[in-house]
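Number of protein chains: 2
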Amino acid sequence: MPREITGFSNPLIKRVRSLRDKKHRKREGLFLAEGLRILAEAEEAGFLPEMLFYARESADHPIVKRLVTATEEAGGDVIETIPDILHKLSGKENPQTVIGVYPERIVPLRALDRSQADIWIVAQSLRDPGNLGTILRTGDAVGAGGLILVDDCVDPFSVESVRASMGALFTQKIATARWPDFIAWLRSGPGQLIGTSLNTDHDYQAPRYESPAFLLVGNESQGLPPSYEKDCDILVKMPMMGKADSLNAAVATAVMAYELLNQNRRR
Amino acid sequence: MPREITGFSNPLIKRVRSLRDKKHRKREGLFLAEGLRILAEAEEAGFLPEMLFYARESADHPIVKRLVTATEEAGGDVIETIPDILHKLSGKENPQTVIGVYPERIVPLRALDRSQADIWIVAQSLRDPGNLGTILRTGDAVGAGGLILVDDCVDPFSVESVRASMGALFTQKIATARWPDFIAWLRSGPGQLIGTSLNTDHDYQAPRYESPAFLLVGNESQGLPPSYEKDCDILVKMPMMGKADSLNAAVATAVMAYELLNQNRRR
Chain A
1 MPREITGFSN PLIKRVRSLR DKKHRKREGL FLAEGLRILA EAEEAGFLPE MLFYARESAD
61 HPIVKRLVTA TEEAGGDVIE TIPDILHKLS GKENPQTVIG VYPERIVPLR ALDRSQADIW
121 IVAQSLRDPG NLGTILRTGD AVGAGGLILV DDCVDPFSVE SVRASMGALF TQKIATARWP
181 DFIAWLRSGP GQLIGTSLNT DHDYQAPRYE SPAFLLVGNE SQGLPPSYEK DCDILVKMPM
241 MGKADSLNAA VATAVMAYEL LNQNRRR
Chain B
1 MPREITGFSN PLIKRVRSLR DKKHRKREGL FLAEGLRILA EAEEAGFLPE MLFYARESAD
61 HPIVKRLVTA TEEAGGDVIE TIPDILHKLS GKENPQTVIG VYPERIVPLR ALDRSQADIW
121 IVAQSLRDPG NLGTILRTGD AVGAGGLILV DDCVDPFSVE SVRASMGALF TQKIATARWP
181 DFIAWLRSGP GQLIGTSLNT DHDYQAPRYE SPAFLLVGNE SQGLPPSYEK DCDILVKMPM
241 MGKADSLNAA VATAVMAYEL LNQNRRR
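Here the protein sequences line up with chains A and B, keeping their order.
Just so we're aligned, residue 1 is where the first sequence starts under the working numbering, counting upward by one.
Just so we're aligned, residue 1 is where the second sequence starts under the working numbering, counting upward by one.
Same shape as in the complex, but just chain A:
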């Protein structure tokens, strides 16, 4: 049976709310995901929350009922609460119907099986959580195997990144690595490292890319460090017809990722 919490000063509420801060997420190894759509996608991908909060008013919603039953059966903690507390947990104007607390899952590079997907995305020093989540969502869409975060990227488990990922956080594998370790791992097997860069005239549609392709995207304002570009097998750029010299990082990743997918579709 779900237990009920309606008091703002309840220690569990305070603890869960603290997961909005990176420091507390890293200490607990837990993160927040919000909304029926994302929690349902997580369940489909095989992930149930350690804690599930839902508003009393939505207890009869079929997806809520399903999540409650599944979470209880898996030994999770299910808490019925009030919209104001969901609002406090989520920080959103319109509180979500459900909020789940999940264990963070970062896999080591050596645990990635590169043969499982034709496309892998590699992000370097990405700063914007919305971009990171959007890149995960795009990765899911193009059938990528996962996202490798190089150097100091923003936390993929931030509330904003989880929201932007729309559930892809649960379907895409996430690894972190320093650059030398990534390159050593990459070169230990097949794989073409493709850098998107402003320092080339090589059109992104000209090459016939290899598989698995590792699509490398750099920091939003700096791009890739020159030494990383040298480590790439190929540097390409998207045509830019206007005044600006670059695309948004998540947009550039998507345009390039769909080119890879389209080439694979034509094989």
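Please note: incorrect hints may appear among the correct ones.
Which copy is meant is left open, because identical chains are indistinguishable; a pair holds if it fits in one copy or across any two.
Dumping the calculated EDC-like pairs for lysine to aspartate or glutamate here, alpha-carbon to alpha-carbon at most 16 Å [said to hold, decoys possible]:
hint, residue 1, residue 2
1, Lys243, Glu43
2, Lys23, Asp77
3, Lys26, Asp113
4, Lys88, Asp21
5, Lys173, Asp113
6, Lys14, Asp233
7, Lys173, Asp84
8, Lys22, Asp181
9, Lys26, Asp155
10, Lys173, Asp155
11, Lys26, Glu104
12, Lys173, Glu210
13, Lys243, Glu44
14, Lys22, Asp233
15, Lys88, Glu73
16, Lys22, Asp77
If you're looking for bench data, these hints aren't it; they were derived computationally from the structure.
Model, not experiment: these values are computed from the prediction.
For chain A, the structure is supplied; the task is to place chain B on it using the hints.
The following block gives chain B in isolation, referenced to the frame of chain A:
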């Protein structure tokens, strides 16, 4: 000569800060743009601010000097101030070096010359200012003529949208229209209306698109209303290989816009 304002309670500072609110922007017809890169792009596109704020510490920066001279010559108000005030105006952790106040520019539909570009972007009930700004930036990149905002879209002149546009707000024409007026204008001349939709199996790479192409993107969570989809000449969708059924709105727009650009490049 620039005048100096260093007091937080100065009425001009309060007035400019109020432009962070939509209500005040609409009352004054003015908006804020921040940062050397965006202000320099605005200048290149022929737009100088009515008011220019810069930090005393950066008075010798060559772009700041150029902007100060040009703004003064154009009769604008140039104000030297302190970083804390720039921080207050921008609301950003790291205050920008320069902040400009510009007149909002919305053009009527009838003022758009559709023959000037092969691609036009149409957004319907877009809610996220970051998406709107990113779509403007992508529009600039693919050489689009402008962005037509249909129904109740988020304000393109919000601080977040201006930031995400990276200056494209100054190079892309922006029009607003209700749907019936847009359709009437569209059908008064050549143009193919292309809807991205989940309600079709028509692959986005299958058609040979016409020019000018009007690329229609719907609301982030609802997509396009069914009656709007019926008004489209063609509905297409991007392949989705994963668990998710849709892309981020700005990403979908970019993938589709680059397909249009690529077809035009091959003509």
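Consistency of the hints with the structure:
1. Lys243 - Glu43: Classified as between: cross-chain Cα gap 11 Å, same-chain 45 Å, threshold 16 Å.
2. Lys23 - Asp77: Answer is neither: 23 Å inside a copy and 45 Å across each miss the 16 Å cutoff.
3. Lys26 - Asp113: neither (26 Å within a copy, 54 Å between copies)
4. Lys88 - Asp21: The answer is within: 14 Å in one copy meets 16 Å, while 24 Å across copies does not.
5. Lys173 - Asp113: So Lys173 and Asp113 pass the 16 Å test inside one copy only (10 Å; across, 47 Å).
6. Lys14 - Asp233: neither (49 Å within a copy, 53 Å between copies)
7. Lys173 - Asp84: Neither way: Lys173 and Asp84 sit 34 Å apart in one copy and 42 Å across, limit 16 Å.
8. Lys22 - Asp181: Classified as neither; 25 Å inside a copy, 48 Å across copies.
9. Lys26 - Asp155: Only inside one copy: Lys26 and Asp155 sit 10 Å apart there, 37 Å across copies, limit 16 Å.
10. Lys173 - Asp155: Within one copy only: 14 Å inside a chain, 36 Å across chains, cut-off 16 Å.
11. Lys26 - Glu104: Within one copy, since 9 Å is at most 16 Å while 44 Å is not.
12. Lys173 - Glu210: Answer is neither; intra-copy 21 Å and inter-copy 40 Å both fail.
13. Lys243 - Glu44: The answer is between: 9 Å across copies meets 16 Å, while 44 Å in one copy does not.
14. Lys22 - Asp233: neither (35 Å within a copy, 47 Å between copies)
15. Lys88 - Glu73: neither (27 Å within a copy, 51 Å between copies)
16. Lys22 - Asp77: Result: close neither inside a copy nor across copies, 22 Å intra and 43 Å inter.
Violated hints for the displayed structure, listed by number in ascending order: 2, 3, 6, 7, 8, 12, 14, 15, 16.
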